Amino acid sequence: MTNDLSRRGFLARAGAGVGAAWLSAHWPALLAASEHARKAAQSAAPAKLEFFSADQAQEIDAITARIIPTDDMPGAREVGAVYFIDRALFTFASDDQSAYREGLPQLQARVQEIFPGVQKFSAATPEQQDEILHSFDQNTQTGRRAFRPGAGGNFFETLRVHTIIAFLIDPDSDSGGNRDAVGWKVIGRDRAHMFQPPFGYYDKDYPGWKSAAHDAEKAKT
Amino acid sequence: MRPEQPKYKTSEEVDFVIIGSGAAGGILAKELSTNGFRVVVLEQGPYLTEADFTHDEVKVLNQDLLTNHPKLQPTSFRKTPDEKAKPQRALVYGRLVGGTSVHFTANFWRFHEIDFVERTKVGPIPGANFADWPITYADLEPYYTKVEWEIGVSGLAGASPFDPPRSKPYPMPPLPVKSSGVLFERAAQKLGWHPFPAPMAILSQPHLGRSACIHCGFCLAFGCEVGAKSSSLATAVRMAERTGRCEIRPNSYVHRIEMDGNGRATGAVYFDEKRNIQLQKAKAVVVCANGAETPRLLLLSANKQFPNGLANSSGIVGKHLMLNSGTTSMGVFEHPLNDYKGFAVSRVFHDFYELDAQKVGFYGGGGLDARFDLTPVGFATGGLPPGTPGWGKGFKDTLRHNFTRTMQIYCHGTSLPVENNSFSLDPDLKDAWGLPALRMTYKDHPDDLKLGNWMNARASELLDAAGAQKKWSSPAQEQQFAVHLLGTCRMGNDPKTSVINRDHRTHDVKNLFLCDGSSLVTSGRGQPTMTIEALAFRAADRITDLARRAEI
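In order, the protein sequences belong to chains Z and A. Note that our numbering has the first sequence beginning at 1, numbered continuously upward. Note that our numbering has the second sequence beginning at 1, numbered continuously upward.
Just chain Z, same shape as in the assembly (with noise of 0.2 Å):
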């Protein structure tokens, strides 16, 4: 299946209008990934890679976990987002492994030309970590920015995507991922799919609906 997460779809998302209002509900999606990710995180004995190296997957596992830290609540790592993109890579977003091929030697360089001491990503201090992150995205900004193309840009995007899908995503889903909604607790979106007024804090005092006074010709423009 095709995947508009790109910059491409960026782009358009970012373009205008109803379709902007389309697009920014439309993001690359995942579903044997996320199930993958759910049992690989629930699994004790080692999980099973397809696309990354151990190796590689340690970077990766390290670069999510730059993206959405662990804090007080879980981040990217409790989700299992190395292996829900482990396997996007063979689904969905298979037309991302590219992206990851070429970044992650790119990755590499850049840690031994900032920091010459360190061996990889990983082995870096968090400080050192995010340091590194930011010299893929100099324009570390979300919202509605435009995508800035550069070396490794498209990598560091596609991850930090991938990332947000792998901790976001439908939890009820056929295939589970953002396991135990533990993603939308940490958002504050309720796991259930059928609700009743009052549905938050400025409804529930509402007195009911009365007209307003106002002469409407006044109004006008």
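Since the hints were made in silico from the structure, they are not lab data. Since this is a predicted model, take the numbers as computed values, not measurements. Incorrect hints may have been included.
As the list claims (entries may be wrong) - Below 35 Å or equal to it, Euclidean Cα-Cα: the simulated DSBU-like pairs (lysine-lysine) are:
id, chain 1, residue 1, chain 2, residue 2
1, Z, K210, A, K190
2, Z, K210, A, K121
3, A, K450, Z, K210
4, A, K7, A, K283
5, Z, K204, A, K274
6, Z, K210, A, K168
Fit chain A to the given chain Z structure using the hints.
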């Protein structure tokens, strides 16, 4: 349960073959079969039902469970006709029985009286082929009422002082208010505007054997698992099947309207599920394939007698595409709104439906509403304020704080009919069946962009009045992606400047009718589906009348 359907042979000449089963096609199928005609509906997508629907974002959004697939049906885009179009995903529509009505947000306001006569009132606008409709709001009013009662719309009659006259109240009360709706309503009233409960094609109470909304929060892009969203699938298609005279034939991809030597349509040629070519014979053909696929089908049906495409003596088939202008502003509040719960919109206002061009300096108008239509991943990648880090602690902290506290204001507005804005056949790109792909050409009229920014400024004022702690707006940008597909085979009295007449009959082919978003002459102010459905009810009355008088 799906009722038993008749199975017509392709060689059997049925009364009508309808191409497309969406907002318009479903209603035409229901009405024509109810009126005693034998009808075959050819739908290119599959026949899914509520049991097939899911909140699985991968299947629905990424793998196009319900929509046109970019690999099977690639499209191209360019801004102006002198450019070579580049392959790019240019549009989305529902590709299944029920069409786009299955996955839409279901906002259902009626067009106002002004929408039908605006050219006369406003005068010509440079750069646009602005025209009046050949019908008025009064012609359509009974059919808007039919949509509300027979298809199912929740709302409150008389709640907006700007509403056009209506013959009957809504069949059921509005959906409950959301936190965003309360903030929106209080702020708008403070500013002297007139918010009202949003009319929605979602049931607030059980209606005609269907259940009410359970507020799951997955409307935009998803199918409704409980049938509370009033899609054609949940309503008109089932009613058509119950007549015993209508066959819904899914996985049937029509690519040519068959013509005889006398300029009459004789049926529709399509690929079946196994990609075998079939011809369904019919006495008349009704195309309801949407504002992109309907003109494409006419262009694909070019022959010796119609070298520029069927029903295209005017040369405007596919032209005057309108997408509706749309801009958004967002605000973050002190307490959780939990706007992810429930349907998208509970409050809207129309104070700026008809702006005075002399005062604001551009043509246009529209409505504003409070709507939340982002999935969690969509929110994390597109819903945070500018300046938020894209990753790391700052990203996570903002996401944690904002997800439940964010409100989005959506500004819906006019698009002007610009001749160059169009769907046409790409000369190089082909779809998976070997047919020329859709090429979209679009560059917003400058007034449409000005309107988007003007309305966004009002949205910003509203967020201030509502007490937002932080707010931001996304400026209007030129559109490159189409959801509303309007105006491409427009209705009119003059065969030189329109494709269909006021009965939806093509000017050039007596037994060929078109009805869908392509029929619209102006764009309204967004929310086109309600009007497409009212047109379909009216078209069915007109076509029935003509058929009974043997004038087809």
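Verification of the hints:
1. Z:K210 <-> A:K190: Cα-Cα ~14 Å, so holds.
2. Z:K210 <-> A:K121: Given that 35 Å is the threshold and the Cα spacing comes to 33 Å, the pair holds.
3. A:K450 <-> Z:K210: Distance ~33 Å between K450 (chain A) and K210 (chain Z) Cα, so the pair holds.
4. A:K7 <-> A:K283: Since the Cα atoms of K7 (chain A) and K283 (chain A) sit roughly 17 Å apart, the hinted pair holds (cutoff 35 Å).
5. Z:K204 <-> A:K274: Given pair K204 (chain Z), K274 (chain A) is violated - Cα atoms ~55 Å apart, limit 35 Å.
6. Z:K210 <-> A:K168: Given that 35 Å is the threshold and the Cα spacing comes to 20 Å, the pair holds.
Comparing the model with each numbered hint stated earlier shows that hint 5 is the single one that does not hold.
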